[in-house]
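Working from the sequences, and respecting the hints, build out all of it.
With the UniProt record's numbering, the residue at position 4 of the first sequence is 4, and numbering never jumps.
Quick caveat, the hints were computed from the structure, so don't treat them as lab data. Where hints are given, some of them may not hold.
[Said to hold, decoys possible] For each label pair, taking beta carbons as the anchor points, the in silico distance ranges come out as: (1) E42 x E151: 50 to 60 Å; (2) L137 x F81: 19 to 29 Å; (3) Y77 x K105: 12 to 22 Å; (4) E148 x T46: 35 to 45 Å.
Ideal Cβ placement from N, Cα and C applies to all residues, glycine included.
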Amino acid sequence: MVGIKDVAERAGVSISTVSYVFSGKRPLKEGTRDKVIAAAKELQYTPNAGAQLLRGARRHILALSSPIGRSTLLSIYSRFFFETVIRARKYGYDVLLLAGQHEEKELERVVESGLVDGVILLEVEINDTRAAMAERLGCPFVAIGYPENNESIYSVDIDFVQMGCRAVDILAAKGHREILYIGTVESEYRRGANFHIRLRKALSDQAARRGIIFGAIAVFVGGGSWLGCWGSKRRALSG
DNA sequence: CTTACGAAAGGCTGCGTTAT
DNA sequence: ATAACGCAGCCTTTCGTAAG
Numbered sequence: 001m002v003g004i005k006d007v008a009e010r011a012g013v014s015i016s017t018v019s020y021v022f023s024g025k026r027p028l029k030e031g032t033r034d035k036v037i038a039a040a041k042e043l044q045y046t047p048n049a050g051a052q053l054l055r056g057a058r059r060h061i062l063a064l065s066s067p068i069g070r071s072t073l074l075s076i077y078s079r080f081f082f083e084t085v086i087r088a089r090k091y092g093y094d095v096l097l098l099a100g101q102h103e104e105k106e107l108e109r110v111v112e113s114g115l116v117d118g119v120i121l122l123e124v125e126i127n128d129t130r131a132a133m134a135e136r137l138g139c140p141f142v143a144i145g146y147p148e149n150n151e152s153i154y155s156v157d158i159d160f161v162q163m164g165c166r167a168v169d170i171l172a173a174k175g176h177r178e179i180l181y182i183g184t185v186e187s188e189y190r191r192g193a194n195f196h197i198r199l200r201k202a203l204s205d206q207a208a209r210r211g212i213i214f215g216a217i218a219v220f221v222g223g224g225s226w227l228g229c230w231g232s233k234r235r236a237l238s239g
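The following block contains the structure:
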């Protein structure tokens, strides 16, 4: 395996000079830099990640925490995964996917062992146990969704409250006085699924503000029977 | 002042030595 | 024979310093 020592030898400089060429943390003469880069190219040198880690350098790995359950729509989530990987690569980062059943323990192990520089949380719940761990673990966290139990971490999401309000406004403007919202499976609400709850609440609140009758039903996503369900519930609603 | 070098440090592994 | 311990080596980064 080619190491920094081999590059230094080939370029006729010291090991530290090679290190500074790649980190750019100290000024070096252009000729020296060129010699080192040429030697590294010639020897196909890749810095040893283990040694960099040992010295406390950045790992350039991000953890993507996404607990995959029975109701997880993999076709949608795989897009999140790919887009995260593609964007991370733009900044020179790789992505480690944590998708196990014991999410908190996995996250703790990965962060505490110093394997990653930061964590991205998917499938964020209203009271998210992973978000609650963020401060204790002392590692940057970004949540896709707004965990209400830790508002100090960075959060990114669609504005579902605005979306719900706008949807009700549009229907109201068309003269509708009864609205039925077909949501996700009931278990998603029970577990505290972040955006489902926020969207349903926003719809319900805005309907109440406008004096519109609001009803909501849960369906099995992709189950195929929601139309029949909708029909019976609608009758019940009207009654 | 600029440039480059030497040495220490970091955590883990495996080998060699000593103690039981 | 086995257990426990100490130490060197792994590779890279970075601080302090010397040379020009």
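Hints, one by one, checked against the model:
{"no.": "1", "hint": "E42 x E151: 50 to 60 Å", "result": "holds (53 Å)"}
{"no.": "2", "hint": "L137 x F81: 19 to 29 Å", "result": "holds (22 Å)"}
{"no.": "3", "hint": "Y77 x K105: 12 to 22 Å", "result": "holds (21 Å)"}
{"no.": "4", "hint": "E148 x T46: 35 to 45 Å", "result": "holds (44 Å)"}
Against the hints set out earlier in the document, no violation occurs for any number.
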